[in-house]
Amino acid sequence: DSGVTQTPKHLITATGQRVTLRCSPRSGDLSVYWYQQSLDQGLQFLIQYYNGEERAKGNILERFSAQQFPDLHSELNLSSLELGDSALYFCASSVGQGAIGDTQYFGPGTRLTVL
Amino acid sequence: DAKTTQPNSMESNEEEPVHLPCNHSTISGTDYIHWYRQLPSQGPEYVIHGLTSNVNNRMASLAIAEDRKSSTLILHRATLRDAAVYYCILRGTSGTYKYIFGTGTRLKVLA
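Line order of the protein sequences matches chains F and Y.
Following our numbering, the numbering of the first sequence begins with 1 at its first residue and continues without gaps.
Following our numbering, the numbering of the second sequence begins with 1001 at its first residue and continues without gaps.
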């Protein structure tokens, strides 16, 4: 158990819909990272927040957005869902901004299925 | 971002050592080598990281070539619980701190 929690575990929805994935980092961790893992693309970094501010951006689509709240939990919002958005979404957290030695701890993931 | 190359899959017998190779010929002087593993149905898990010297921890050892163009993750005694996908990742010390995951090596441990 990494200490990172993600809800829900599974999510099934239809194309065109909007969903919100939630992540609670480990106690004391200030950074939250979001990753997408699909069969054809592997693990892809989406976005990082550090203490409420966006810190780094990866291959995140414009239909996706994220935020980190004052209590440091984070939400990933996915809208206008397409079949290709079906994937595992992982959240990770770390103590600092992600520098060397700042280990990322991953949650168990949310499996999103778009029908 | 510098890229890594790993074999798609490897097999090992239980309780034998396993050497997982990683090539990173375009590594820069400030890139650290990180290893993560992903057990079935779980998120990735940190294993070890290093810069130039060999590193040991309770999970594994990391052997880094003198020219740093390759490295090897060593599991000293593989167990069935070590069956996972192992990712070798390079991370720089400046700019964004994102991990770039490759395709990894799927390790199968035979009883």
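Treat the hints as calculated values from the structure; they're not laboratory data.
Glycine included, each C-beta is placed from N, C-alpha and C at the ideal position.
Honestly, I wouldn't trust all of these hints.
Stated by the list, open to error - A partial selection of chain Y residues facing chain F, derived with a Cβ cut-off under 8 Å:
#1 GLY1029
#2 TYR1032
#3 GLN1042
#4 PRO1044
#5 GLU1045
#6 TYR1046
#7 ARG1091
#8 TYR1099
#9 PHE1101
#10 THR1103
To be verified - To give an idea of the chain Y side of the interface with chain F (calculated C-beta under 10 Å), a few residues:
#11 PRO1021
#12 TYR1036
#13 GLN1038
#14 SER1041
#15 GLY1043
#16 LEU1051
As the list claims (entries may be wrong) - Each pair of labels, with its calculated beta carbon distance range:
#17 ARG18(F) <-> ASN1008(Y): 19 to 29 Å
#18 GLU1066(Y) <-> THR7(F): 41 to 51 Å
#19 THR20(F) <-> PRO1007(Y): 32 to 42 Å
#20 GLY84(F) <-> ASN1008(Y): 15 to 25 Å
#21 GLU1066(Y) <-> GLY16(F): 52 to 62 Å
#22 THR20(F) <-> SER1009(Y): 35 to 45 Å
Hints, verified against the model:
| no. | hint | verdict |
| --- | --- | --- |
| 1 | GLY1029 | violated (13 Å) |
| 2 | TYR1032 | holds (5 Å) |
| 3 | GLN1042 | holds (6 Å) |
| 4 | PRO1044 | holds (5 Å) |
| 5 | GLU1045 | holds (7 Å) |
| 6 | TYR1046 | holds (5 Å) |
| 7 | ARG1091 | holds (7 Å) |
| 8 | TYR1099 | holds (6 Å) |
| 9 | PHE1101 | holds (4 Å) |
| 10 | THR1103 | holds (6 Å) |
| 11 | PRO1021 | violated (19 Å) |
| 12 | TYR1036 | holds (8 Å) |
| 13 | GLN1038 | holds (8 Å) |
| 14 | SER1041 | holds (8 Å) |
| 15 | GLY1043 | holds (3 Å) |
| 16 | LEU1051 | holds (8 Å) |
| 17 | ARG18(F) <-> ASN1008(Y): 19 to 29 Å | violated (37 Å) |
| 18 | GLU1066(Y) <-> THR7(F): 41 to 51 Å | holds (47 Å) |
| 19 | THR20(F) <-> PRO1007(Y): 32 to 42 Å | holds (39 Å) |
| 20 | GLY84(F) <-> ASN1008(Y): 15 to 25 Å | holds (24 Å) |
| 21 | GLU1066(Y) <-> GLY16(F): 52 to 62 Å | holds (55 Å) |
| 22 | THR20(F) <-> SER1009(Y): 35 to 45 Å | holds (36 Å) |
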